[in-house]
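Q: Sequences and hints are given; from them, build the entire structure.
Number of protein chains: 2
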Amino acid sequence: MFQTLPGFREFYPEDCARRNFIFSKWREAAKTFCFEEFDGPVLESLELLTAKSGPEIASQLFNFTDKGGREVTLRPELTPTLARMVGAKAGSIRRPVRWFGIAENFRYEKPQKGRLRSHYQLNADILGEAGVGADAEIIALLIHTLCSFGLSATDFVIRLSDRNLWLALLESKGITGGAVVPVLSIIDKLERDDPESVVKKLNEAGVEDADSFFKEITALAEIRSLEELEAFFSSRQVEQGEFSASGRLESWKALLEILKASGAEDFIRVDLGIVRGLAYYTGFVFEAFQTKGKARALAGGGRYDHLVEKLGGQPMPAVGFGMGDVTLNDLLLEKKIEPPAEGRADIYVVIGGADQRPMALKTVAKLRKAGFRVDFPIKDQGFGKQFKTADQSGAKFALVVGEQEVKDRGVRVKNLSSGEESFLTEEKIITFLTGFFNC
Amino acid sequence: MFQTLPGFREFYPEDCARRNFIFSKWREAAKTFCFEEFDGPVLESLELLTAKSGPEIASQLFNFTDKGGREVTLRPELTPTLARMVGAKAGSIRRPVRWFGIAENFRYEKPQKGRLRSHYQLNADILGEAGVGADAEIIALLIHTLCSFGLSATDFVIRLSDRNLWLALLESKGITGGAVVPVLSIIDKLERDDPESVVKKLNEAGVEDADSFFKEITALAEIRSLEELEAFFSSRQVEQGEFSASGRLESWKALLEILKASGAEDFIRVDLGIVRGLAYYTGFVFEAFQTKGKARALAGGGRYDHLVEKLGGQPMPAVGFGMGDVTLNDLLLEKKIEPPAEGRADIYVVIGGADQRPMALKTVAKLRKAGFRVDFPIKDQGFGKQFKTADQSGAKFALVVGEQEVKDRGVRVKNLSSGEESFLTEEKIITFLTGFFNC
Numbered sequence: 008m009f010q011t012l013p014g015f016r017e018f019y020p021e022d023c024a025r026r027n028f029i030f031s032k033w034r035e036a037a038k039t040f041c042f043e044e045f046d047g048p049v050l051e052s053l054e055l056l057t058a059k060s061g062p063e064i065a066s067q068l069f070n071f072t073d074k075g076g077r078e079v080t081l082r083p084e085l086t087p088t089l090a091r092m093v094g095a096k097a098g099s100i101r102r103p104v105r106w107f108g109i110a111e112n113f114r115y116e117k118p119q120k121g122r123l124r125s126h127y128q129l130n131a132d133i134l135g136e137a138g139v140g141a142d143a144e145i146i147a148l149l150i151h152t153l154c155s156f157g158l159s160a161t162d163f164v165i166r167l168s169d170r171n172l173w174l175a176l177l178e179s180k181g182i183t184g185g186a187v188v189p190v191l192s193i194i195d196k197l198e199r200d201d202p203e204s205v206v207k208k209l210n211e212a213g214v215e216d217a218d219s220f221f222k223e224i225t226a227l228a229e230i231r232s233l234e235e236l237e238a239f240f241s242s243r244q245v246e247q248g249e250f251s252a253s254g255r256l257e258s259w260k261a262l263l264e265i266l267k268a269s270g271a272e273d274f275i276r277v278d279l280g281i282v283r284g285l286a287y288y289t290g291f292v293f294e295a296f297q298t299k300g301k302a303r304a305l306a307g308g309g310r311y312d313h314l315v316e317k318l319g320g321q322p323m324p325a326v327g328f329g330m331g332d333v334t335l336n337d338l339l340l341e342k343k344i345e346p347p348a349e350g351r352a353d354i355y356v357v358i359g360g361a362d363q364r365p366m367a368l369k370t371v372a373k374l375r376k377a378g379f380r381v382d383f384p385i386k387d388q389g390f391g392k393q394f395k396t397a398d399q400s401g402a403k404f405a406l407v408v409g410e411q412e413v414k415d416r417g418v419r420v421k422n423l424s425s426g427e428e429s430f431l432t433e434e435k436i437i438t439f440l441t442g443f444f445n446c
Numbered sequence: 008m009f010q011t012l013p014g015f016r017e018f019y020p021e022d023c024a025r026r027n028f029i030f031s032k033w034r035e036a037a038k039t040f041c042f043e044e045f046d047g048p049v050l051e052s053l054e055l056l057t058a059k060s061g062p063e064i065a066s067q068l069f070n071f072t073d074k075g076g077r078e079v080t081l082r083p084e085l086t087p088t089l090a091r092m093v094g095a096k097a098g099s100i101r102r103p104v105r106w107f108g109i110a111e112n113f114r115y116e117k118p119q120k121g122r123l124r125s126h127y128q129l130n131a132d133i134l135g136e137a138g139v140g141a142d143a144e145i146i147a148l149l150i151h152t153l154c155s156f157g158l159s160a161t162d163f164v165i166r167l168s169d170r171n172l173w174l175a176l177l178e179s180k181g182i183t184g185g186a187v188v189p190v191l192s193i194i195d196k197l198e199r200d201d202p203e204s205v206v207k208k209l210n211e212a213g214v215e216d217a218d219s220f221f222k223e224i225t226a227l228a229e230i231r232s233l234e235e236l237e238a239f240f241s242s243r244q245v246e247q248g249e250f251s252a253s254g255r256l257e258s259w260k261a262l263l264e265i266l267k268a269s270g271a272e273d274f275i276r277v278d279l280g281i282v283r284g285l286a287y288y289t290g291f292v293f294e295a296f297q298t299k300g301k302a303r304a305l306a307g308g309g310r311y312d313h314l315v316e317k318l319g320g321q322p323m324p325a326v327g328f329g330m331g332d333v334t335l336n337d338l339l340l341e342k343k344i345e346p347p348a349e350g351r352a353d354i355y356v357v358i359g360g361a362d363q364r365p366m367a368l369k370t371v372a373k374l375r376k377a378g379f380r381v382d383f384p385i386k387d388q389g390f391g392k393q394f395k396t397a398d399q400s401g402a403k404f405a406l407v408v409g410e411q412e413v414k415d416r417g418v419r420v421k422n423l424s425s426g427e428e429s430f431l432t433e434e435k436i437i438t439f440l441t442g443f444f445n446c
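Going down the list, the sequences are from chains A and B. What the first sequence shows, in our numbering, is residues 8 to 446, in sequence order. What the second sequence shows, in our numbering, is residues 8 to 446, in sequence order.
Treat the hints as calculated values from the structure; they're not laboratory data. Don't take every hint at face value.
Unchecked claim - Under the rule of at most 30 Å between Cα atoms (straight-line distance), these lysine-lysine pairs were calculated in the BS3-like manner:
#	chain 1	residue 1	chain 2	residue 2
1	B	K38	A	K38
2	A	K260	B	K414
3	B	K38	A	K435
4	A	K38	B	K392
5	A	K38	B	K403
6	B	K260	B	K196
7	B	K403	B	K414
8	A	K343	A	K403
9	A	K376	B	K260
10	B	K32	B	K301
11	A	K96	B	K369
12	A	K373	B	K342
13	B	K343	B	K260
14	A	K386	B	K38
15	B	K74	A	K117
16	B	K96	A	K120
17	A	K196	A	K117
18	B	K414	A	K299
19	A	K403	B	K267
20	A	K435	A	K386
21	B	K376	A	K343
22	B	K120	A	K369
23	A	K299	A	K343
24	A	K376	B	K435
25	A	K395	B	K38
26	A	K301	A	K342
What the hints assert, rightly or not - Stretch-level coverage of chain B by chain A, calculated; a stretch enters the list once three of its residues show a Cβ under 8 Å from a Cβ in chain A:
#	region
27	137-149
28	200-210
29	257-264
30	315-329
Only a predicted model underlies this, so the values are computations on that prediction, with no experimental measurement involved. Idealized CB from N, CA, C, for every residue including glycine.
A: This is the structure we're talking about:
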């Protein structure tokens, strides 16, 4: 009769358990790195988003006019909210800020596999620290998070690149200001597009001498080591404005050294093919890529030193990443990585009949008060059906409250794995079960 | 510069911890009762909501037209989604269905204290079981949930009423069909409004002989015990259609007996003053009320046996409750009930200087892999500042990696409470700390 809207998901208990498994792993990893959780509103003013990403972002947003005439949008990401919140308390907040959030994000696009209109994302960010130590810590957390699911360096790598180097190359060709983002998004698709269409797009974007520029960007995008990077810049002498290629190479060395000391080396691939689509990155950028099957990005991020100032009024360097649940969950399914199996009950109380129900309910309440997950038949049923439900519930024990047990002021305990049975007086039930479940 | 939209909240880490504390208590209580978690989309078709509650509901909704021309709304409650989801799988789902959800809900109303445009709600429902055992189980869960925060019968009571009795009284006066909901909502405000304005509103709603009807409803609304209820119905002989006052009184006795056996007696108040605003209730209805200070409703619910059929196409009896986070949190604040204090770190690694950083980072990575929450200075700092940060972080131990420690291939461990220090070789760090934190 009624349908879910296109691009939205329903979470039946099994799906909800998978989702919550992902959330709890995300939360655990972030807390292991001493990140504190925050959250913001699901709905934000459209202006917050366009201020961050330009008016063209609106075409991808789930935005609308609210009943009060406000231009608003379901958040497409948590970073603008983060920048506003941190910016508002920039004067009093302890630095570096280490925050994470688990947010539902929205976009209005044609739904397709791996891209829904609503998805969840882990965001982790360090603000107030400009040094590469923060970049390394964020990348280490990204690796730790994926590994905490049981994934390893055979499943994913971190492709590490540098927005600064790309911006310097663009600047050396006179591509600055509003021309930068369109060219970056052409470069972002370099791997997938054929050369002619790239040159065509560069021409359309107003790039002079697009053929030779295509060669330049291909040469940079194909760089896969620090040595190649050094050679590229020493041969070209790209030194523009505040940018110093040699200074930048020092930062690369420092970052790679820290990552090595943190045991992250096996996961890191220098790969200048990564530029990241978003306008606001200012330094190192990276993506976590699945190594087998379809080479999908599992997460991405980088440094964005100007955003807090733009949205919050106070300058504050920042670096962070986002990891979505949809692609990650696809990979977990492929790898048969499942949430820990968990029955819904610890104990099932089997009730002889209406006369025994009061005593049984008393026992149920007592057990629940003690913290056990307890199920029982809401209406009277035969023993056979009750034991079947008990088995399905995942309970370790059935507690039988029948005529004889009520007379004897106790319950019959049946271990549902071993079949072993014994009688327990009312007073001993909790002690017996606590002893069992704490082992 | 940028502001949060009116009626929406930001959750800085301390607020987020409070919110998550409430969520985890909710989740824990529901799981203790063997309820399984589900969730649905934050955005639903407007039609799903108006089908459930009538077109007039739209005036309170956060609804809009999406970019595809669909009439959609941010969900005001989880129940219509639940009814659709259960209805869609009614043929295959194990009954009774015991589901709970923790959902962000929205409404477009003037924001005021305790009523925001976005709030969170715990919903717990049993579907597929028509007997009062299900009503009792739902009420027991509601009580258990509030008690799990440390609240007791001195803090709240459950006001228990019966929509059926109200509907029978209305029907005996010829108030049926579309006339029912407007009259119920007048009755819902009986406690707060003065008699003249109630009579005036009844007249406006087209009730005949509003003066005598006002006396009838006041008499029913003032009933506070089963005996008074019996007297009310025996004196009036309200027997309409399928309704039998004597049969209904039997259900009351059965429900109160089960609640007594479950140890809920102290919390239960028969109180026919409760009618609940929503149109779809069909039997027992109840509200959890704060007993001190402002008598606010902390939660409310009841039986709604026709909703699944209406939205899902299959008949399925149902009973449930909803509990919001805003009023609950206000009460917790008044009672000074706080989330357990939790430092953000277990261990703080103090680094002598740049030369010791690689060894320190290695230790940090190893400790995190073992599951400890570990913080350290991202850039080089003096010992004094580092120990100060270590204290603020809540860490139990500082691990000092200085020049001498690196030479000796180990760390100096300082217990930050006792001040006790000792040297540990690299191999013994994990064993020592695991021993400590598992105690």
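Q: None of the hints should be skipped; say for each whether it holds.
A: Here is what the structure says about each hint:
Distance restraint check for K38 of chain B and K38 of chain A: the Cα-Cα separation of roughly 24 Å lies within the 30 Å cut-off, and the hinted pair is therefore satisfied. A distance of roughly 25 Å separates the Cα atoms of K260 of chain A and K414 of chain B; the hinted pair therefore holds under the 30 Å criterion. A hinted pair counts as satisfied when its Cα atoms are at most 30 Å apart, and K38 of chain B with K435 of chain A qualifies at roughly 24 Å. About 22 Å separates the Cα atoms of K38 of chain A and K392 of chain B, which keeps this hinted pair within 30 Å; it holds.
Note on K38 of chain A and K403 of chain B: the hinted pairing holds, with a Cα-Cα distance of about 16 Å set against a maximum of 30 Å. Distance hint between K260 of chain B and K196 of chain B is fulfilled; the C-alpha atoms sit about 27 Å from each other, no more than 30 Å. Between K403 of chain B and K414 of chain B, the direct Cα distance comes to roughly 25 Å. Compliance with the 30 Å bound is thereby established for this hinted pair. Only pairs whose Cα atoms come within 30 Å are accepted, and K343 of chain A paired with K403 of chain A is accepted, the gap being roughly 26 Å.
For the given pair, K376 of chain A sits about 25 Å from K260 of chain B by alpha-carbon distance, which is consistent with the 30 Å threshold. A hinted pair counts as satisfied when its Cα atoms are at most 30 Å apart, and K32 of chain B with K301 of chain B qualifies at roughly 24 Å. With a C-alpha separation of about 33 Å, the suggested pairing of K96 of chain A with K369 of chain B is violated against the 30 Å cut-off. The straight-line distance between the Cα atoms of K373 of chain A and K342 of chain B is roughly 25 Å, inside the 30 Å bound, and the hint therefore holds.
The suggested pairing of K343 of chain B with K260 of chain B is violated, with an alpha-carbon distance near 38 Å, which exceeds 30 Å. Only pairs whose Cα atoms come within 30 Å are accepted, and K386 of chain A paired with K38 of chain B is accepted, the gap being roughly 20 Å. Of the supplied pair hints, the one linking K74 of chain B and K117 of chain A holds, its CA atoms being roughly 11 Å apart against a limit of 30 Å. Pair hint K96 of chain B plus K120 of chain A holds up; C-alpha atoms about 24 Å apart against a cutoff of 30 Å.
For the given pair, K196 of chain A sits about 19 Å from K117 of chain A by alpha-carbon distance, which is consistent with the 30 Å threshold. The hinted pair formed by K414 of chain B and K299 of chain A fails the criterion: a straight-line CA distance of about 42 Å is larger than 30 Å. Distance restraint check for K403 of chain A and K267 of chain B: the Cα-Cα separation of roughly 28 Å lies within the 30 Å cut-off, and the hinted pair is therefore satisfied. Using a Cα cut-off of 30 Å, the hinted pair K435 of chain A and K386 of chain A holds, with the two alpha carbons roughly 27 Å apart.
Between K376 of chain B and K343 of chain A the alpha-carbon distance is near 22 Å, which keeps this suggested pair within the 30 Å criterion. Only pairs whose Cα atoms come within 30 Å are accepted, and K120 of chain B paired with K369 of chain A is rejected, the gap being roughly 39 Å. At roughly 14 Å between alpha-carbon atoms, K299 of chain A and K343 of chain A fall within 30 Å of each other, so this suggested pair holds. With a C-alpha separation of about 41 Å, the suggested pairing of K376 of chain A with K435 of chain B is violated against the 30 Å cut-off.
Note on K395 of chain A and K38 of chain B: the hinted pairing holds, with a Cα-Cα distance of about 20 Å set against a maximum of 30 Å. In summary, the hint linking K301 of chain A to K342 of chain A is supported, as the alpha carbons are separated by about 13 Å, within the 30 Å threshold. Using a Cβ-Cβ cut-off of 8 Å, 5 residues of the region 137-149 of chain B lie near chain A, which meets the minimum of three, so the contact claim holds. Check result for the region 200-210 of chain B against chain A: violated, 0 residues qualifying (beta carbon to beta carbon below 8 Å, three or more required).
Coverage of a stretch by a chain is defined here by at least three residues with a beta carbon nearer than 8 Å to that chain's beta carbons; for the region 257-264 of chain B and chain A the count is 1, and the condition is violated. For a cut-off of 8 Å, the count of residues in the region 315-329 of chain B with a CB near a CB of chain A stands at 3, and the three-residue condition holds.
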